[in-house]
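Visitor: The hints should help you fit chains B and C onto chain A, whose structure is shown.
Read off the chains here:
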Amino acid sequence: MSDRHDGSGIDLERELAHHMAEHRISRRMLLEQIAKVGAFAALAPIIAACAGGAASASPSAATTAAPSSTAPSASTAAVATATPEPTPVPSPESDLFIYNWDGYIGENTVKDFEAKYGIKVKYDKFPDASTQITKIRSDGKGGGYDLTYPGSTDVAPLARDGVVAALDLSLIPNIKNLGPTWQDPGYDPGNKFSVPNYWWTTGIAWNPKKVKGDITSWANLWDEAYKGKLGMLSDQQEVFSAGGFRLGYKPNTTDDAELDAILALLKTQKPLLRDYTEDDIGDFIGGQLWMTQAWSGDWVQMTYDDATKDARYVIPSEGAIRGSDVMVVLSGAQHPIAAHLWIDFNLDAEVSAGNSNYIGYMGPNLAAQQFIDPTILANPNLNPDKGVYDALAELVSLEGADLDKYTKRWLELTS
Amino acid sequence: MNRGGSRWLTAFAILIYAFLFAPIVVLIIFSFNTSRRNFVWAGFTTDWYPKLFANRDLLEALSVTLQVALIAVIAATVIGSLLGLALARMRFRGRGSSEVLVLLPMVTPEIIMGISLLIFFSQVFGQNGSLGQIAIAHITFCISYVAVVVRARARGMDPHLEEAARDLGSSSVGAFWHVTLPLIAPAVGAGAMLAFALSFDDLVVTSFNAGVGSTTLPIFIYSSIKFGVTPQINAISTIIVAVVAIALLIGWRLGTFEGEDRRQVAAETDTRA
Amino acid sequence: MAEAARPTPSLRARLSGGLLVLPGVVWLLAFFLLPLLIIFVVSFASKDATGHVIFGDLGLRNYLEATKPEFLPAFANSVRYSLLTTILSLAIGYPIAFWISRHGGRHKILLLILVMLPFWTSYLIRTYAWMIILRDNGVANSILMGIGLTSDPIAFLNTDFSVVLGMTYGFLPFAILPLYVSIDRLDDSLIQAGRDLYASGRGVFVHVMLPLTMPGIIAASILTFIPAMGDYVTPDLLGGAQTSTIAKVVQVLFTSGRDWPYGSALGFMLMVITLAGTFLAIRALRHEAFG
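Protein chains in written order, with the numbering used here: chain A, 1 to 415; chain B, 1001 to 1273; chain C, 2001 to 2291.
If you're looking for bench data, these hints aren't it; they were derived computationally from the structure.
One or more hints might be untrue.
[As the list claims (entries may be wrong)] Straight-line distance between alpha carbons at most 20 Å, and here's what the computed DMTMM-like set of lysine to aspartate or glutamate pairs gives:
1. A/LYS250 x A/ASP404
2. A/LYS267 x A/ASP404
3. A/LYS408 x C/GLU2070
4. A/LYS405 x C/ASP2152
5. A/LYS122 x A/ASP112
6. A/LYS227 x C/ASP2152
7. A/LYS405 x C/GLU2070
8. A/LYS309 x A/ASP214
9. A/LYS210 x C/ASP2152
10. A/LYS408 x C/ASP2160
11. A/LYS192 x A/ASP344
12. A/LYS267 x A/GLU224
13. A/LYS111 x A/GLU350
14. A/LYS122 x B/ASP1057
15. A/LYS111 x B/ASP1167
16. A/LYS120 x B/ASP1057
17. A/LYS120 x A/ASP344
18. A/LYS122 x B/GLU1060
19. A/LYS386 x A/ASP184
20. A/LYS209 x C/ASP2048
21. A/LYS111 x B/ASP1057
22. A/LYS209 x A/ASP306
23. C/LYS2068 x A/GLU224
24. A/LYS270 x C/ASP2048
25. A/LYS405 x A/ASP255
26. C/LYS2068 x A/ASP260
27. A/LYS267 x C/ASP2152
28. A/LYS227 x C/GLU2070
29. B/LYS1051 x A/ASP112
30. A/LYS405 x C/ASP2160
31. A/LYS210 x A/ASP306
32. C/LYS2068 x A/ASP344
33. A/LYS270 x C/GLU2065
34. A/LYS120 x B/GLU1099
35. A/LYS250 x A/ASP344
36. A/LYS408 x C/GLU2065
37. A/LYS212 x C/ASP2152
38. B/LYS1051 x A/GLU224
These numbers come from a predicted model, not from an experiment.
This is chain A alone, in the form it adopts within the complex (with noise of 0.2 Å):
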C-alpha cells in the first residue's frame, strides 16, 4: 500500500521543477512547496496516516521548516533544471480550483474574476464542513484542490499537518485592507496561512410575534412558555458553550465537572426543544422554532423572507462566541499562483463589500466597510461597537481527548 510512496520523492520534485519551469513560480513558492513535498515522500507508515483523515508529513517538517533551510540538495537540484525567471509577479495558473459552500460569495464574483485574470475557474461545493475537511485531509494535501474556505479554528490543525501551504503576502497586497484586529488574530498569528474572510456571531434569534418582551439571556432558550417551539444548533461546540455560558464558565473548557455541569443543563433543555437544528433559517421562517440559537448571518437570512421579516437578534448578555472562516491555499494545490490572486481579489474593498451585501456576514475588511450596505453596517448586531466586540469569545478546535470529552457527552444528550 505504501510502495506507491517509497522513493517517489524525487519524481515529485522533477515535476515540481518541471511545472515551475513552465509556470515561472517564483523562487520562494517553490521552495516551500518543495519543503511539503520532501516532508510527504518522507511519509511515516501511510495507513496510520490516511485512516486518522489526516495523511501528512510528520508536523514539524511540514510547518516549521523555513523554506530555505530545508531539503537544500533537492531544491539546488530543482532549481537547476528549471531555471527560474526571478519575476516579482509571477504569471498565474490557467485555472483555478475552488471548494466551497454554494451561495458562500457574490453572485459574480467568479465571474468578474475570470475577467480579469482570464482564469478559469472550477467552483466545487461541499455539503457540509465535516465532509470537507475529511476531503481536504484524504491525501494529506488538499485532494486536488487549491484553495478552500475552512473555519477560523481549522487553521492551526491543518497547517500543523501540512494540509496548507503558508501563504506568500507579497502576492496578496491588499491584506492591508484587513482591519487591524484582522491583521494578527489568534488562531493564525500573522495571517501566515490564512486570510480572513467573515466574520459573525453566534446569539438568540426570535419571532417578535410570537415571543414576549425583550431577550437577553440564554436562560430564555430555557423558557418552558415555549416548550416544542424553542431550537439549538445541530454543533455541539456551540450548543456546549451556550450552555457554559449560562453557567459562567470560559467557552472551550475541558474540565470534567465543568462539562458535566453543562450537560445536566442541557438535559433539563432538550424536552423543550423542537430541534437541535442543520437548518437554523428553514425552522424559523416555517415557524417550528420561535426562538433559536443562531449564526447572525444567518438571522438576516431570515429577515429577508416576509413571514419573518421582523425577527430579532440578540448577543446575549452572558457572552457569546465570534466564529469567523478563512481562505487558505492547499499545500497539493497545482495553481498557487491563481489561489494568491484569488485572495487578494476578494480582499478588493469593493469586491469584499460585495460578497457581504450578497449574504449578509460581516467581512474583516476595513477598506471594504464603505461599500457595505448601510443597514447592515448601523446594526450592532452584525457590527458590535468595540466593548462587545471584545468581549466575544472565540471557539478552539478541539483534538483527540478534549475532543472525545465533547464528542461523547453530545451523544449522550441527543441520541
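Guide: Relative to the frame of chain A, chains B and C by itself:
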C-alpha cells in the same frame, strides 16, 4: 376479486399516487416563487427558468449527475442481474457467502462506504476523486439492489423451461437470450429504475468521492442549504420531471409500453364475473 | 415450492452459475470488500492526541465501548422507524403492485414508471416540499385550520410521524417494484384455482398469493428495512430533538467527533445486527410461506 373490491382497490391506488405526487406538485408550484429563500409563497415569476440556464455550475452539476447515473445504471444492471439470476437459480461453490456479499453493501452505513472508498482511491491509487470514481462507487451500491430484485423474480421461475430450450437444441447463450431474459426482463427494468433513483440521489458516498469538477446535483443542493435553496433548484427538478413525463406521454401514444399483456383477457373476465 | 422445483445441478449449471456471479463478486470484492477492510482494521485501532489513527496496538476496546447502553435509545429509534417503514411500505405497496399488475392492463409499465417519476427529482427538494406541506405554517396546517379542525397548528415536523412519513415516502418504490415483479409473475390460473378452493378472497390471499409472492415480499422487506436502518438524512431533516438514530451517531463519530476507530466499531456492530436480523426474518418468512 369482485367488482366492489376492485373499485376500492382503484380508489386506494389513486390515493397512493396522490401521496407520491403531492410533494412534486408543491415542488413545481414553488419553482415559480419570487422569494429567493423559497419557503413561503411570495408571488409568481418565471424568472428562475432563464436564470437556471445561465447558471453554469448548476448545469454542470446536472450533467455530471446524469453521466454518472447512466454509467452506474448500465453497469450495475448488467452485473447485478447476472448476480441475482445466479443466486436464484444456480448452485455453486460459495453461494452462501455470495449472498452475504450481496447484502453487505446495503447494510454498510453510507459514511463508512464513502470514507472507505475515499481512502482506498486516495492511498492506493493516488486518486483525488473524479466522475469515474463516483461512478465506480455508485455501481458498487447499485449492484445489490438490482440483484435482490432480479433474484426475487427468478426465484421459483420454472427452471425446466431453460432446460427444455437447451434440449431443443438451443445453445446456452440462446436459451438465456430467448427464454431466461424475457422472463426476468420486468425485474431487470425495475432494478434499473431503482439504480437510477439511487444514483441520482446519492449524497454521502458521492461527496467523499467527488473531485475537481465533479460536483453532483445532490452535493450542489445540499451545499446551498446553508445560504438558501433557491427556486432554481425547483425549476431544474420541474424540467426533469417535465421531460420524463413528455417522453412517457410520447411513448404511451406510440404504444411503446404495450408489451406483454397476457393478463388483460383474464382481467376482463374477472370484472365480468 | 421454489426449493422443490430446483433440479439437481449438472456440471454445466455449476459452471455457468460460477460464470454469472463472477463479474459481480469480483467487482464487490475489489471496490467494496477491499476498501471496507481498511475501515475494519481501523475499528480495532486507537488514536493519538491529535485524533490521528494509530495501529500500534489493535484491540477490541472500541467494540467494548460501543456496547455501552447509552446508545440504546438511538438504536431503539432506528429499529422502530425501520420496522414501521417496512410494514407501511408492504401494506401500501402490495395492493398497489397487485392493482398495477391485474388492473393496469396495457398501461402497466406506464403506471410503474409513474411510481418512480417523483424519484427523478432530487431527494432534498422532495423533502423540502414535504416541509412546505408539513411545517407549522404550512399547507396541511392551513387546510386543517381553515376548515376549523384545529385552532393551533399541529406540530407535524420534527416528530416520529414526520420521520416515518418521510422514510415511507422515500422507500415505497423499493417495495412496490419487487412486489410487482413477483405478483406479475403469478399465473392467473393459480389464482382461479385458489378461488375455487377457498371461497373467501382472504383465503386465496393467505393460501395462494402470499406463499407464491413470498420472494417479492422478502425482497421488498430487505430493500426497505436495510436502507431505513442506515438512513440518517431523513431523520436529520424531518426529525427533531427527540428522534435520534444510530446511523446519526455513527455519522457524528466520523465527522464532528473525528473518532474513526470508535465510529467504525459502532458501524460494524450495526451492520452485523442488521444482517443477522435480516437473515432471521427471511428464514421466518420462508418458513411461514413454504411450511
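Visitor: Now tell me, hint by hint, if it's right for this structure.
Guide: A quick look at each hint next to the structure:
no., hint, result
1, A/LYS250 x A/ASP404, "holds, 18 Å"
2, A/LYS267 x A/ASP404, "holds, 19 Å"
3, A/LYS408 x C/GLU2070, "holds, 10 Å"
4, A/LYS405 x C/ASP2152, "violated, 41 Å"
5, A/LYS122 x A/ASP112, "holds, 14 Å"
6, A/LYS227 x C/ASP2152, "holds, 14 Å"
7, A/LYS405 x C/GLU2070, "holds, 15 Å"
8, A/LYS309 x A/ASP214, "holds, 17 Å"
9, A/LYS210 x C/ASP2152, "holds, 13 Å"
10, A/LYS408 x C/ASP2160, "violated, 24 Å"
11, A/LYS192 x A/ASP344, "holds, 14 Å"
12, A/LYS267 x A/GLU224, "holds, 14 Å"
13, A/LYS111 x A/GLU350, "holds, 14 Å"
14, A/LYS122 x B/ASP1057, "holds, 9 Å"
15, A/LYS111 x B/ASP1167, "violated, 69 Å"
16, A/LYS120 x B/ASP1057, "holds, 13 Å"
17, A/LYS120 x A/ASP344, "holds, 16 Å"
18, A/LYS122 x B/GLU1060, "holds, 10 Å"
19, A/LYS386 x A/ASP184, "holds, 17 Å"
20, A/LYS209 x C/ASP2048, "violated, 50 Å"
21, A/LYS111 x B/ASP1057, "holds, 12 Å"
22, A/LYS209 x A/ASP306, "holds, 13 Å"
23, C/LYS2068 x A/GLU224, "violated, 32 Å"
24, A/LYS270 x C/ASP2048, "violated, 32 Å"
25, A/LYS405 x A/ASP255, "holds, 9 Å"
26, C/LYS2068 x A/ASP260, "holds, 18 Å"
27, A/LYS267 x C/ASP2152, "violated, 27 Å"
28, A/LYS227 x C/GLU2070, "violated, 25 Å"
29, B/LYS1051 x A/ASP112, "holds, 18 Å"
30, A/LYS405 x C/ASP2160, "violated, 29 Å"
31, A/LYS210 x A/ASP306, "holds, 15 Å"
32, C/LYS2068 x A/ASP344, "violated, 51 Å"
33, A/LYS270 x C/GLU2065, "violated, 25 Å"
34, A/LYS120 x B/GLU1099, "violated, 48 Å"
35, A/LYS250 x A/ASP344, "violated, 36 Å"
36, A/LYS408 x C/GLU2065, "holds, 11 Å"
37, A/LYS212 x C/ASP2152, "holds, 18 Å"
38, B/LYS1051 x A/GLU224, "violated, 45 Å"
Going down the numbered hints, you'll see the structure goes against 4, 10, 15, 20, 23, 24, 27, 28, 30, 32, 33, 34, 35, 38, while the others check out.
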